Amino acid sequence: MSSYSPNQSIGLLLVLLCCVLPQTITAAENGEPDFTIAKLQNSLLDHYNLELAGFIEARTGFRLQNDPYEKDASLAEARLQLDLARDLGWGLAKVKADLGHDLVTDEMIAELREMNLSFSPLDNADVKVGRQVLTWGTGDLLFINDLFPKDWESFFSGRDDEYLKAPSDAVKTSFFFEAANLDLVYVPEFNNSNYIDGSRISYWNNVLGRTAGRDYVFADEERNRVFSDCELAARLYKNIDGMEAALYGYYGFWKTPEGLDPGSMRLIYPRLAAYGASLRGTLLGGIGNLEAGYYDSLDDQGGDNALIRNSEFRFLAGYERELADNLTGGFQYYLEVITNYDEYRAALTPGTPQADEYRHLLTMRLTKLMLNQNLRLSLFAYYSPSDKDTYLRPKAHYKVSDHWAIEAGGNLFAGSDDHTFFGQFDRNTNIYAGARYNF
Amino acid sequence: MHDQLRAAALIFVACLFIAPFSASAQPTADEIVAKANLAAYYAGNDGRASVTMTITDEQGRSRSREFVILRRDQSDGGDQAFYVYFKKPSDVRKMVFLVHKHIDKDDDRWLYLPALDLVKRIAASDKRTSFVGSNFFYEDVSGRSPDDDSHELLETTAKDYVLKHTPKDPASVEFSSYSTWIDQATFMPTKAEYLDKEGRKYRVVEALEIKEIQGHPTVVKSRVQDLAAGSETVSVFEDVSYDLGLKEEIFTERYLRRAPSEVRK
Numbered sequence: 003m004s005s006y007s008p009n010q011s012i013g014l015l016l017v018l019l020c021c022v023l024p025q026t027i028t029a030a031e032n033g034e035p036d037f038t039i040a041k042l043q044n045s046l047l048d049h050y051n052l053e054l055a056g057f058i059e060a061r062t063g064f065r066l067q068n069d070p071y072e073k074d075a076s077l078a079e080a081r082l083q084l085d086l087a088r089d090l091g092w093g094l095a096k097v098k099a100d101l102g103h104d105l106v107t108d109e110m111i112a113e114l115r116e117m118n119l120s121f122s123p124l125d126n127a128d129v130k131v132g133r134q135v136l137t138w139g140t141g142d143l144l145f146i147n148d149l150f151p152k153d154w155e156s157f158f159s160g161r162d163d164e165y166l167k168a169p170s171d172a173v174k175t176s177f178f179f180e181a182a183n184l185d186l187v188y189v190p191e192f193n194n195s196n197y198i199d200g201s202r203i204s205y206w207n208n209v210l211g212r213t214a215g216r217d218y219v220f221a222d223e224e225r226n227r228v229f230s231d232c233e234l235a236a237r238l239y240k241n242i243d244g245m246e247a248a249l250y251g252y253y254g255f256w257k258t259p260e261g262l263d264p265g266s267m268r269l270i271y272p273r274l275a276a277y278g279a280s281l282r283g284t285l286l287g288g289i290g291n292l293e294a295g296y297y298d299s300l301d302d303q304g305g306d307n308a309l310i311r312n313s314e315f316r317f318l319a320g321y322e323r324e325l326a327d328n329l330t331g332g333f334q335y336y337l338e339v340i341t342n343y344d345e346y347r348a349a350l351t352p353g354t355p356q357a358d359e360y361r362h363l364l365t366m367r368l369t370k371l372m373l374n375q376n377l378r379l380s381l382f383a384y385y386s387p388s389d390k391d392t393y394l395r396p397k398a399h400y401k402v403s404d405h406w407a408i409e410a411g412g413n414l415f416a417g418s419d420d421h422t423f424f425g426q427f428d429r430n431t432n433i434y435a436g437a438r439y440n441f
Numbered sequence: 003m004h005d006q007l008r009a010a011a012l013i014f015v016a017c018l019f020i021a022p023f024s025a026s027a028q029p030t031a032d033e034i035v036a037k038a039n040l041a042a043y044y045a046g047n048d049g050r051a052s053v054t055m056t057i058t059d060e061q062g063r064s065r066s067r068e069f070v071i072l073r074r075d076q077s078d079g080g081d082q083a084f085y086v087y088f089k090k091p092s093d094v095r096k097m098v099f100l101v102h103k104h105i106d107k108d109d110d111r112w113l114y115l116p117a118l119d120l121v122k123r124i125a126a127s128d129k130r131t132s133f134v135g136s137n138f139f140y141e142d143v144s145g146r147s148p149d150d151d152s153h154e155l156l157e158t159t160a161k162d163y164v165l166k167h168t169p170k171d172p173a174s175v176e177f178s179s180y181s182t183w184i185d186q187a188t189f190m191p192t193k194a195e196y197l198d199k200e201g202r203k204y205r206v207v208e209a210l211e212i213k214e215i216q217g218h219p220t221v222v223k224s225r226v227q228d229l230a231a232g233s234e235t236v237s238v239f240e241d242v243s244y245d246l247g248l249k250e251e252i253f254t255e256r257y258l259r260r261a262p263s264e265v266r267k
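So the sequences go chain by chain: W and A.
Counting from 3, one number per residue, gives the positions in the first sequence under my numbering.
Counting from 3, one number per residue, gives the positions in the second sequence under my numbering.
If you are wondering where the hints come from, they were derived from the structure by calculation, not from laboratory data.
Quantities reported herein were computed from a predicted structural model and do not represent experimental measurements.
Don't be surprised by glycine CBs; every beta carbon is placed ideally from N, CA and C.
Worth double-checking, as some hints may not be accurate.
[As the list claims (entries may be wrong)] For each label pair, taking beta carbons as the anchor points, the in silico distance ranges come out as:
(1) A:Gly232 <-> W:Ser403: 40 to 46 Å
(2) A:Asp32 <-> W:Leu184: 30 to 36 Å
(3) A:Thr168 <-> W:Gly244: 28 to 34 Å
(4) A:Glu240 <-> W:Ser122: 49 to 55 Å
(5) W:Leu281 <-> A:Asp32: 24 to 30 Å
(6) A:Lys122 <-> W:Ile408: 40 to 46 Å
(7) A:Asp78 <-> W:Leu47: 37 to 43 Å
(8) W:Ala236 <-> A:Thr54: 37 to 43 Å
(9) A:Thr54 <-> W:Ser45: 20 to 26 Å
(10) A:Arg63 <-> W:Met267: 37 to 43 Å
(11) A:Lys170 <-> W:Gly287: 17 to 23 Å
[Unchecked claim] Listed next, the stretches of chain A that the computed footprint assigns to chain W, with coverage defined by at least 3 CB atoms under 8 Å from CB atoms of chain W:
(12) 57-65
(13) 118-125
With these hints in hand, go ahead and build the complete structure from the sequences.
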């Protein structure tokens, strides 16, 4: 696709955008255009039993300060998403793909987000095979037992929330029993998260001992041996009179490359096992949740390997409720505890910043709905008193009509140190805006 | 002889059943409200409808919502479960709103976001807030508990009972009182008018069209007008059916992630 210039693909999307515009314009003139997306949707449904939906979107964002390692533009892209589904009677087939162009990296966007088949082989069993987005757990933008891939680059640069979850190529089998329900997810070839490698977001680089970006894009050693680099995730859950209880297990690898191979100077994905539990239910007119997990870093169980992340306990407690008319507040406390902290400290390479044994994190979400719920103002804030850093996500989303929506927001980072989780991103503080036509 | 005895016995049994009704020719306000609650919100053991809502704001701009709603009753007048599957507009397509309505405690609510495969638990909000941005409130969709108000029979017209309802906890609602018109024959509420705290009529909920479906009088078109804001919402209910034998498990997390055939068609 190297012959495909960015101007061409943006042009193509503009043409598509012009195709959808007449629908809103001619409607006012009583004129019925020969081609509309609605007509195409109806004819696909009538002739092929195919459901078509999707959107076309343009988004742009920029850094609010100079970043010596990155471009000023943090986001500049146009994309078309097509979502096709067919009811087969005995099952459901689904394909969802994104096409477009990313002007920040000057690369074409061609992403298959979903391609799966779901069916029920037994009365009490469901199967979903193929590329799919998977989510479980109780945290709000905090994940303990959800060890499915994330896209942190999308999250920090202002794409739609949908893109925080990266798809998995998996087989998900669910069993439903009177005693409890069981989900088993098998991923034959490890799906890592899209981590911050420096290509579009600058980060703290422990090897260099400084912030780096496009001058040092951290490559990883992919785990790509089918079957031997596999992942297994399980959830056993039950709704007990409105209280949702769950147990989780995971066997696979750290989802972000939490190890370094000193020979190749590439990042690696060390082995990981995780166990956890969660509870969620109504509490004092709102929703309360508790979740805990133990991350067993199988390649560094002693904690004395400086190049591989130690095992950790993770814990979160959350509460959400309506604060006033159309105003909802959510609050979470989250804790990470490094185990074998003495070994970690002793093994630490001199000069490398030392992580605290306990990382405390507080989050707050405020959501206000206005103008007949067409305007949604929201703020999600992370603040760590131990790391002394913060990350704010303000956002305004307005539904102009049943098809059009506009959105603007920011990703604001601040911290007293350059090496903490959010503090390392402070030169990436950005604002963005976008428009979307849904069909 | 046997026949005479049998006839006498039948008359006796019939009297047993008929007596309570004929004795109370004029039901009390509480009895009317209880029957209206059952007629409006508990028809059949379960039900299904395809709903199209058209919301028109004060400037004449309109937006629409299309969804399929499934309902299952635990018992008449008791706990219920609702499954709302959105079809339009496109940005909420395939989202599911699940409610376990409880009489004696807060409802349990979930929202399923298909793009994230996320089952989100939602705090039980004020029931008198807008349902999906329309002029309908949550309470208009799932019913207001008869115990929340005290009821008074104002008059009996040729066709309707006219009642006045005063909230027991005035601070919890935006109205000072409301009146309802309830059909004497079917006990279906056909109109409700709400007075604000200053006593001005500001909100009208009306059944515009009622049809009998499977023996149940059913509202197939209704309208809410917000006289103060100048906006209104019209709901049209199509493909209504009752007693489909909906399984209890449809109203669980399993079917949030995998919509049942009852809503997909």
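Here is what the structure says about each hint:
no.	hint	verdict
1	A:Gly232 <-> W:Ser403: 40 to 46 Å	19 Å, violated
2	A:Asp32 <-> W:Leu184: 30 to 36 Å	48 Å, violated
3	A:Thr168 <-> W:Gly244: 28 to 34 Å	31 Å, holds
4	A:Glu240 <-> W:Ser122: 49 to 55 Å	28 Å, violated
5	W:Leu281 <-> A:Asp32: 24 to 30 Å	40 Å, violated
6	A:Lys122 <-> W:Ile408: 40 to 46 Å	24 Å, violated
7	A:Asp78 <-> W:Leu47: 37 to 43 Å	39 Å, holds
8	W:Ala236 <-> A:Thr54: 37 to 43 Å	42 Å, holds
9	A:Thr54 <-> W:Ser45: 20 to 26 Å	21 Å, holds
10	A:Arg63 <-> W:Met267: 37 to 43 Å	59 Å, violated
11	A:Lys170 <-> W:Gly287: 17 to 23 Å	18 Å, holds
12	57-65	holds (count 4)
13	118-125	holds (count 7)
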